[in-house]
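Two chains, each in its own frame: build the complex with the hints.
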Amino acid sequence: MITFMNSSDSEEEPCNERTSLMSVESPPVPSYQDGLQAPEVVETQTHRKRYTGSSGSSNDVAHGNSDAELLVQDVRLDNEEEELTLKYGAKHVIMLFVPVTLCMIVVVATIKSVRFYTEKNGQLIYTPFSEDTPSVGQRLLNSVLNTLIMISVIVVMTVFLVILYKYRCYKFIHGWLILSSLMLLFLFTYIYLGEVFKTYNVAMDYPTLFFVIWNFGAVGMICIHWKGPLQLQQAYLIMISALMALVFIKYLPEWSAWVILGAISIYDLMAVLCPKGPLRMLVETAQERNEPIFPALIYSSAVMWTVGMAKPDTASRGLSQQTWDSAEDMRENHESPSHLDSEISETRNPAPSHPTASSLEELEEEERGVKLGLGDFIFYSVLVGKAAATASGDWNTTLACFVAILIGLCLTLLLLAVFKKALPALPISITFGLVFYFSTDNLVRPFMDTLASHQLYI
Amino acid sequence: MGAAVFFGCTFIAFGPAFALFLLTVAVDPLRVIILVAGAFFWLVSLLLASLIWFISVHLSDPEDSKLQYGLLVFGAAVSVLLQEAFRFAYFKLLKKADEGLAMISEDGRSPISLKQMAYVSGLSFGIISGVFSVINILADSIGPGIIGIHGDSPYYFITSAFLTMAVVFLHTFWGVIFFDACEKRRFWSLGLVVASHLITSGLTFLNPWYEASLVPIYIITVSMGIWAFFTAGGSLRTILLCLPCKEEENSRVMVYSALQVPVED
Numbered sequence: 001m002i003t004f005m006n007s008s009d010s011e012e013e014p015c016n017e018r019t020s021l022m023s024v025e026s027p028p029v030p031s032y033q034d035g036l037q038a039p040e041v042v043e044t045q046t047h048r049k050r051y052t053g054s055s056g057s058s059n060d061v062a063h064g065n066s067d068a069e070l071l072v073q074d075v076r077l078d079n080e081e082e083e084l085t086l087k088y089g090a091k092h093v094i095m096l097f098v099p100v101t102l103c104m105i106v107v108v109a110t111i112k113s114v115r116f117y118t119e120k121n122g123q124l125i126y127t128p129f130s131e132d133t134p135s136v137g138q139r140l141l142n143s144v145l146n147t148l149i150m151i152s153v154i155v156v157m158t159v160f161l162v163i164l165y166k167y168r169c170y171k172f173i174h175g176w177l178i179l180s181s182l183m184l185l186f187l188f189t190y191i192y193l194g195e196v197f198k199t200y201n202v203a204m205d206y207p208t209l210f211f212v213i214w215n216f217g218a219v220g221m222i223c224i225h226w227k228g229p230l231q232l233q234q235a236y237l238i239m240i241s242a243l244m245a246l247v248f249i250k251y252l253p254e255w256s257a258w259v260i261l262g263a264i265s266i267y268d269l270m271a272v273l274c275p276k277g278p279l280r281m282l283v284e285t286a287q288e289r290n291e292p293i294f295p296a297l298i299y300s301s302a303v304m305w306t307v308g309m310a311k312p313d314t315a316s317r318g319l320s321q322q323t324w325d326s327a328e329d330m331r332e333n334h335e336s337p338s339h340l341d342s343e344i345s346e347t348r349n350p351a352p353s354h355p356t357a358s359s360l361e362e363l364e365e366e367e368r369g370v371k372l373g374l375g376d377f378i379f380y381s382v383l384v385g386k387a388a389a390t391a392s393g394d395w396n397t398t399l400a401c402f403v404a405i406l407i408g409l410c411l412t413l414l415l416l417a418v419f420k421k422a423l424p425a426l427p428i429s430i431t432f433g434l435v436f437y438f439s440t441d442n443l444v445r446p447f448m449d450t451l452a453s454h455q456l457y458i
Numbered sequence: 001m002g003a004a005v006f007f008g009c010t011f012i013a014f015g016p017a018f019a020l021f022l023l024t025v026a027v028d029p030l031r032v033i034i035l036v037a038g039a040f041f042w043l044v045s046l047l048l049a050s051l052i053w054f055i056s057v058h059l060s061d062p063e064d065s066k067l068q069y070g071l072l073v074f075g076a077a078v079s080v081l082l083q084e085a086f087r088f089a090y091f092k093l094l095k096k097a098d099e100g101l102a103m104i105s106e107d108g109r110s111p112i113s114l115k116q117m118a119y120v121s122g123l124s125f126g127i128i129s130g131v132f133s134v135i136n137i138l139a140d141s142i143g144p145g146i147i148g149i150h151g152d153s154p155y156y157f158i159t160s161a162f163l164t165m166a167v168v169f170l171h172t173f174w175g176v177i178f179f180d181a182c183e184k185r186r187f188w189s190l191g192l193v194v195a196s197h198l199i200t201s202g203l204t205f206l207n208p209w210y211e212a213s214l215v216p217i218y219i220i221t222v223s224m225g226i227w228a229f230f231t232a233g234g235s236l237r238t239i240l241l242c243l244p245c246k247e248e249e250n251s252r253v254m255v256y257s258a259l260q261v262p263v264e265d
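Chains as they are written, first to last, in full-length UniProt numbering: chain A, 1 to 458; chain B, 1 to 265.
What the hints contain is simulated information worked out from the structure, not anything from laboratory work.
Every residue gets a Cβ at the ideal spot worked out from N, C-alpha and C, and that includes glycine.
Any given hint might turn out to be false.
[To be verified] Straight line, CA to CA, 30 Å or less: simulated DSSO-like cross-link-like pairs of lysine-lysine:
hint	chain 1	residue 1	chain 2	residue 2
1	B	Lys95	A	Lys420
2	B	Lys96	B	Lys184
3	A	Lys420	B	Lys92
4	B	Lys96	A	Lys420
[To be verified] Covered, in the sense of this in silico footprint (three residues per stretch, anywhere, with C-beta under 8 Å from a C-beta of chain B), are these stretches of chain A:
hint	region
5	93 to 104
6	212 to 224
7	398 to 412
8	430 to 441
So here's chain B without its partners, still in its complex pose (with noise of 0.2 Å):
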């Protein structure tokens, strides 16, 4: 049981991040820079934030349970809080590196997006997130153990690996809308997604009643999906352009006077 569990959950939770990641963000070294630096910030808010929870919880009265449940509340409040202030921080950070970057290439552009970088962000947070959320369950899922011993669900793995997909889900959605909110100064939109990131956290309280948690986590990430698509400037159009598999005439043109092909964009 160990080794199909380690393996089916780690696979759940962690296989469309390592597609997306081999995919989009390995071809390309600059995005893999904005991935770990997007980690780190990711890190940095998590540490003061268990600052906090860790203060508040030395100075309070260690046997109280209640005071304990409700600090960790508050603890993961503020660290939902703190995640999306480090995620603004890394969008001014990102939106210098853009301008520098286009000041110094030759034809003033930078070589990477803005929105390209609100994805790579976005997804650097749900990998990371969803990592420190998972990986020492996933060890301790190689066994040998038995769960739900105690009374608590014997579904713990199966339903963390699918919370961790979706928190990675998330994420990423949450990276695209807030950079393009930020970008075009939608506070509402901001708002929406402080917002929903905080209903998210809230509704994993309700576990173990999975269904009042699960189910309404997916439902709010789909619909963050298809508000991220469409921020990006995905529509209809595009997504029909996408499934007829013509090959596209290659339009390269030969520049004669220098025999180069010109630079793509």
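Next up, chain A with everything else stripped away, as it sits in the complex (with noise of 0.2 Å):
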């Protein structure tokens, strides 16, 4: 295992949240612009509003209407769409509650099941100093150099993938992510039944575990990386995030591993907010060329949902309607892997108005959801597995860092829906989930102990 970690560091890259493969021919981001048109063949009214204005879109207001309507009506607009921003931004918090929990389960049930995970067998050639050493201080102090180690290659890394996608090298990215998400999807799945089998003392044959392993591979790079449904797309995240996970949980040493965590949130947080962090500036790249960037490994929640609205005969009668499901556009239209998005672009493509009859026509909107990086989901599992791996069997250590992890999540939204822009995911949740971990193995673990022993209840 370890000398093929040596072989190359592209099973680093899923790993790392900046990574992730951008798709051949970018999306054509259908812009409300088109929208527009319908409109103005149809005669009706259908008002927008922009919160920050979007590359000059501006409150398009159909004809006919007077000045003081207007006003009402956009004032009205604006309580609306604020209104929907909260009602909303509930559902992309539990929209993205959901996967993480799923996540963590995975992980969680894993490591308490299956005893490889926990065994010490090895580590990465990211971390190389050994935490076997008998005084504290050189633990300490090996742990702060693995740290280090570890995190000046994601640097190295994601600074590399910056470079490349500035220079437009689509295909060393393109071929760097196949290949990450081949090891992933083949090599370690085969490690994982293979330990799973073991454990529950399946007998498996060679032929049925490369046919399930083969399915499973192909069908996960098509959905991951072309097409496929949404929710299969989000279930491979999901599982590739636990792999990932569970070999982090493996390989790195204790206390390597917490110091690992801090410093990565940390970073995240440069990364993110730093006007020369690699990921602002892969932001700000990928806005200026308009572009949507890797596509395939962040985690996105997108919803669909259809509004039916009658339209009046346009030649008898001028009823003004008003969309009311207007979800402001928020300007992105990319999304960043190692942070949180909120992309309620808003969509239209009004079918083709027929001017003759009154007809029903059906306007599609589609909501994009929130994005979260898939990096985010493997260090909140990798927390969340090695609460439960090292906690002394003890089952209120994991629950507290998972409430800890959804509550900075929660927050972190809240920040979201506050700023508008590109958030890192990771420290908040990091904090709380670290803070929570030693508080309560240390702390409440004890106190509930006793108080178990002697059946008594607080």
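Now the structure itself:
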């Protein structure tokens, strides 16, 4: 396993939330400009409001409306959109709670049942210093050195990726990412299945195994890198995050893991928010080129709904219509891997209008939900998995870390709704998680154990 | 025995909580967030109480078992008081959030009422409190093992499960009563809630004399339930309204001018 890790550092990629596959041709971002044609044809009013002006969009008000009405309707739409933000804000939080919870459940279930992932079998080359030293100071020093090496590897690769992206070496990135997801989907799944079968003493023959893994991996590659049903893609992304997290839990030594978690959340904070941070540059470059970046290693919770409206006969009556589900355009028609991006871009593809008879037109609105980088999934699961693995058989610590991470995610999404730009998703959650892990393991656990031994309830 | 006891005790302890969660909380994302945040607040209160207990234990003589038991009682009391304090803090936070939501919303009303928030916050405290009390016991009940081999009660698992169920219900009811008392500034209600929490916790000190602990705790649970029912606005009339299974007329009016169904409350 270790020699394998040596061979290529592309396996490092999936752990690095900055890396992701770019689609060969960036899917055309349906701009809301398209939607403007239809109203003009149909002669009804559609009101749109954008929050932060996106490339020159303005309030488009169709003809035939007085100024006073316009003002009132504007104010009303403003409130509507605020309310919608909040209403759908809560929905987005849940849309992220569910996959994060699922990933953690998979990781914790595996850790608690399959012994392989808690056995020490060597270390990654990225953490060369061993922690088997007798003195505490030496151990601490080794873990800090391991962290420094790991973080610098991640920084170097991120910068490399940004350079590649800047100089438009799409094919290279493409190949890199395909290789890493191939490895995850085939090799790591094979190892995982092998260990699970060993744990439950299931007899399995190679042809069946080959058949299963081939299908699993091939469908996974298609879903992740090309097209597939959204839920299948989400399921695959959760699975590869869980696999990667399990690898980390197995191969990172104890103290190094905690220090790495702390250091990577600080790095995430800086990489996303500092003006010269690699991730920020990535985001800005993608913005300049107006193309969505990294659609593959981002978990996206897209929601699609149809708004049916009756369009009146244009000749007979000029009734005003409002879109009662106008989500505001978040302007960022791209996603950034390692952080949260609220992309509520409204795309309207109205059916061609029939000016003759009053027909029911289905206006489709697609709201792209919130996106979360897979690296965030991985590190959340590493934290909870490590808590499950090392907290002396205690479930309370695992649950406390779980609640802490969810609350951190909630707060991050709240900040996202306030600031409306890409934010790092790791710092708050990991900080809460670390605080709760150490305090629950050292303070709460003895208290609850003592209470339970007397069957006392508080 | 292991799996049967495990599943039985899990469902006794968490069946009602799970059902309440699925039917009332999981449908609305805002309520799920309130649930998780409530759990967080309870966890912080537990953290502080454990810290106090930990410090007191380490400052004292570890050999003296009577002293240690006394410190445990003290720790439990401090924990109860801190839980209620954090329930109050959560009330303040939710009240502020309620006002914020009301301001932002179109018709000036927030999408969730304070009573619903009281119920969800009570449920959240109950779930997390129950889980933290019993999950390690449940994990141990899968086996292998024999309970009571050293002379302790052999009914440990099942009584723990029933106690946990009572705790879940109690926290839910306390949440409703507490929030209402804070809203209407009825301090004697507040004091009664805190006192009943202390009494409940104190009654568990009588374990393993289960007749003296379980029965009164369930009596307290039922009475709290009735009190919470009337606090939340229930009455005999509303019970009677729930009973007949008549389908209500769908009284939605189509507003012609915009051809949309008006937003339901």
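Verify the coverage statement for the region 93 to 104 of chain A against chain B, using a C-beta to C-beta distance below 8 Å and requiring 3 or more qualifying residues. holds (count 3)
Counting residues of the region 212 to 224 of chain A with a beta carbon closer than 8 Å to any beta carbon of chain B, are there 3 or more? violated (count 0)
Is it true that the CA of Lys95 (chain B) sits at most 30 Å from the CA of Lys420 (chain A)? Given pair Lys95 (chain B), Lys420 (chain A) holds - Cα atoms ~25 Å apart, limit 30 Å.
Can you confirm whether the C-alpha distance between Lys96 (chain B) and Lys184 (chain B) stays at or below 30 Å? Status holds; Cα separation ~16 Å.
Would you check chain B against the region 430 to 441 of chain A, counting CB to CB pairs closer than 8 Å, and say if three or more residues qualify? The restraint on the region 430 to 441 of chain A holds, since 3 of its residues have a Cβ under 8 Å from chain B and three suffice.
Just to be careful, I want the Cα atoms of Lys420 (chain A) and Lys92 (chain B) compared with a cutoff of 30 Å; is the pair within it? Holds, at roughly 27 Å.
Given pair status - Lys420 (chain A), Lys96 (chain B), alpha carbons within 30 Å: 22 Å, holds
For the region 398 to 412 of chain A, count the residues whose Cβ lies under 8 Å from any Cβ of chain B; is that count three or more? Our answer is that it holds, as 7 residues pass the Cβ test (under 8 Å) against chain B, meeting three.
Violated hints amount to a single one, hint 6; each of the other numbered hints is respected by the structure.
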